[in-house]
Amino acid sequence: MRGLRSTLSLGLALGLGMGYALGGCAPGGSERAPGSEGDGGARASSEPLPERFGLGRPAGDGEIAALAIAVMPDGRGLPAGSGTAREGGPLYAAQCAACHGSQGEGGLGGQLAGRITDDAFDFGDGMEGPRTIGSYWPYATTVFDYVRRSMPFDRPGSLTDEEVYAITAHLLYLNDLVGADETMDRETLPQVVMPARDRFVPDDREERNRVW
Amino acid sequence: MPKKPSMNRRTFVAGAAGALGAGVLKGVTGVTPSLAQEAEISVPPDPTRVQGPPASLVGGRSPFEQPVRLLHPRLTSSRTPLQDLVGTVTPSDLHFERHHGGVPLIDPDRYSLLIHGMVERPMVFTLEELKRFPSVSEIRFMECAGNFPRNAGEETTPQQICGLTSQSEWTGVPLATLFREVGVLPEATWFLAEGQDAAVMTRSIPVEKAWDDALIAYGQNGEALRPENGYPARLFLPGWEGNASVKWLRRIELSDGPFMTREETSRYTDPLTGGRARQFSFVMDARSIITHPCHPGRVTPGWMEVRGIAWSGRGRIRSAELSFDEGATWHRADLQEPILPKAHVRFRYMWRWDGEEATILSRTTDETGYVQPTQRELVQARGVGTSYHLNPITGWRIRLDGTVVYRTEVWG
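Protein sequence lines correspond, in order, to chains A and B.
Going by our numbering, the first sequence opens with residue 1, and the numbers climb by one from there.
Going by our numbering, the second sequence opens with residue 213, and the numbers climb by one from there.
Source of the hints: derived by calculation from the structure; they are not laboratory data.
Do not rely on the hints blindly, as some may be mistaken.
Here chain B is said to cover these stretches of chain A; the calculated rule only asks that three of the stretch's residues, wherever they fall, bring their Cβ under 8 Å from a Cβ of chain B [unchecked claim]:
1. 50 to 64
2. 110 to 124
3. 127 to 136
Taking CB as the label site, the calculated pair distances span [claimed, not checked]:
4. Glu399/B - Ala80/A: 36 to 44 Å
5. Glu182/A - Ile551/B: 42 to 50 Å
6. Ala180/A - Asp468/B: 41 to 49 Å
7. Glu182/A - Arg362/B: 46 to 54 Å
8. Glu182/A - Arg609/B: 53 to 61 Å
9. Pro439/B - Arg155/A: 18 to 26 Å
By construction, the Cβ of each residue, glycine as well, lies at the ideal position given by its N, Cα and C atoms.
All chains should be built: construct the whole structure from the sequences, respecting the hints.
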């Protein structure tokens with residue numbers, strides 16, 4: 001029985017797997033679940049675990065680059081290319097306006113453009129007013145990231161980076177955040193000041209009252 | 213001489229698709245549930261006098277039981293029929309769904325998960341490789357953050373109140389195991405989870421959740437994930453808002469901060485009073501719902517079991533209580549063992565209805581001491597403009613004729 005070998009398969013003991021994952025102990029450590037064979041002594045339910053299982057394969061730079069489209073608020077992840085609102089106007093009209101309205105006023109799709117007087121942000125107090133890019137979105141980089149990954153709704157992923165920059169610039173222009181000929185690229189886009197930038201606070205429910 | 217079994221069959225109209233076989237119905241385009249409801253079910257007068265159908269490859273529900281999800285008009289979500297369920301596990305085909313680009317069809321043989329960014333070794337794992345790692349199975353609820361209709365009318369069901377919560381046994385590999393495999397660098401504090409649906413859904417998650425209890429799940433209630441729940445593999449974050457448990461997972465990128473994706477800025481944030489909005493409010497607060505009696509339903513005087521479910525994203529439920537006097541006094545209900553953490557727990561309370569107008573409320577308290585709030589308390593704490601993470605005490609009114617209606621409450 002001592003020679004019985006378990007394989008690294010689905011069948012590996014559940015309890016050990018959970019302890020391994022949740023306990024934070026290093027693989028190959030001394031913690032072992034007792035066996036249930038009734039052979040008179042505690043038996044390991046696994047061979048000593050390795051530091052790594054060695055499953056999977058190394059990812060190549062090319063395949064990472066092909067998938068890694070996410071953009072961070074400081075601009076990391078933004079691709080080369082650029083665009084202006086003026087260039088984006090016809091693109092927006094062709095690709096976006098059918099759902100979001102010619103001026104971003106919304107329709108089948110959500111309202112994208114519109115500011116609130118004095119950039120008020122009293123949504124929690126029941127303030128009327130649309131939650132648009134100009135009134136609610138804290139980062140301009142999010143516009144680029146979202147348009148590139150999810151839009152247009154009927155043909156997601158069909159826009160070039162240049163087109164996404166131009167449409168992003170146009171959306172910012174419709175919200176009075178950039179000028180018609182202001183170039184949006186990996187340097188300038190992260191610097192666009194969004195009205196809602198400082199309105200967001202981390203989850204503080206644990207520190208507040210018992211209602212949260 | 214025994215009477216010859218009657219060959220006459222009583223036929224009548226019964227509930228929906230089962231008569232045709234659920235599998236058949238799904239394959240027939242243009243057959244609507246209303247049409248299927250017209251199907252006649254042939255029932256022998258004495259089932260002991262006739263051989264039943266033989267064994268089958270895949271079973272189906274009794275034709276007399278036809279629980280269905282409730283579709284959002286835009287077909288972007290569907291809700292679990294909580295009022296039709298018993299116990300705590302949601303049948304997989306009734307688990308709620310919410311997606312932002314439809315349900316993708318993914319070939320498991322071509323599936324892979326990329327983990328890269330601030331790691332020692334960027335790696336790609338096939339589905340087969342994910343299944344070779346040590347696995348865990350755990351029963352946990354999954355709830356959408358937007359799961360309460362404000363100002364709902366009397367003709368509102370549990371499905372409409374909070375049908376965007378469901379429960380399954382999830383099986384998968386702890387994300388911590390994969391993070392050890394790739395070697396997460398010390399500066400990595402967040403990771404991006406990205407799906408391969410048409411929305412290429414993304415959320416940023418603190419790395420601590422991976423070391424705590426996050427899973428890459430590939431199993432649901434004893435079989436592979438349902439397509440609408442992320443087949444062939446998804447992120448599963450126990451106790452956290454469902455949107456963060458990204459389905460159809462294709463990529464995880466470790467980084468030193470959140471990516472501020474659309475779903476964690478313009479959506480899934482909670483406006484508060486004072487010109488602020490709460491962000492990254494992942495944990496689902498404790499909540500309960502009475503699923504019997506409820507609307508639509510009618511009761512008769514006498515004993516009945518008041519039943520419901522209670523759950524908390526912070527851990528185990530400590531108690532579920534009922535009030536028959538608008539919250540002045542509370543009566544402890546029985547909790548069905550085992551009381552699992554971050555899981556729906558069934559509660560029940562035997563009650564005798566005297567035939568007078570009555571109101572029944574439920575509330576729950578979890579092991580952290582958190583008490584499910586009233587709607588008024590919620591509004592006072594956050595303001596009237598908040599819409600996610602609403603978990604107020606709710607209840608039902610029983611009228612003199614025994615009909616049950618939702619206890620309405622004006623928001624604000």
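Now the hints, each set against the structure:
Counting residues of the stretch 50 to 64 of chain A whose C-beta sits closer than 8 Å to any C-beta of chain B gives 10, which meets the bar of three, so the coverage hint holds. Look at the stretch 110 to 124 of chain A against chain B: 5 of its residues bring a Cβ nearer than 8 Å to a Cβ of that chain, three or more, so the hint holds. For the stretch 127 to 136 of chain A, the proposed coverage by chain B is satisfied: 4 residues have a C-beta within less than 8 Å of a C-beta in that chain, meeting the threshold of three. Taken as a hint, the range 36 to 44 Å is violated for the pair Glu399/B and Ala80/A, whose Cβ atoms sit roughly 26 Å apart.
Separation of Glu182/A from Ile551/B is about 58 Å and departs from the stated range, judged on CB atoms against 42 to 50 Å. For Ala180/A and Asp468/B, the Cβ-Cβ distance of about 36 Å falls outside the hinted range of 41 to 49 Å, so the restraint is violated. Glu182/A and Arg362/B have their C-beta atoms about 40 Å apart, which leaves the hinted 46 to 54 Å range violated. About 59 Å separates the C-beta atoms of Glu182/A and Arg609/B, a value consistent with the hinted range of 53 to 61 Å.
Against the hinted window of 18 to 26 Å, the Cβ-Cβ separation of Pro439/B and Arg155/A comes to about 22 Å, which satisfies the hint.
Checked against the numbered hints above, the structure breaks hints 4, 5, 6, 7 and satisfies the rest.
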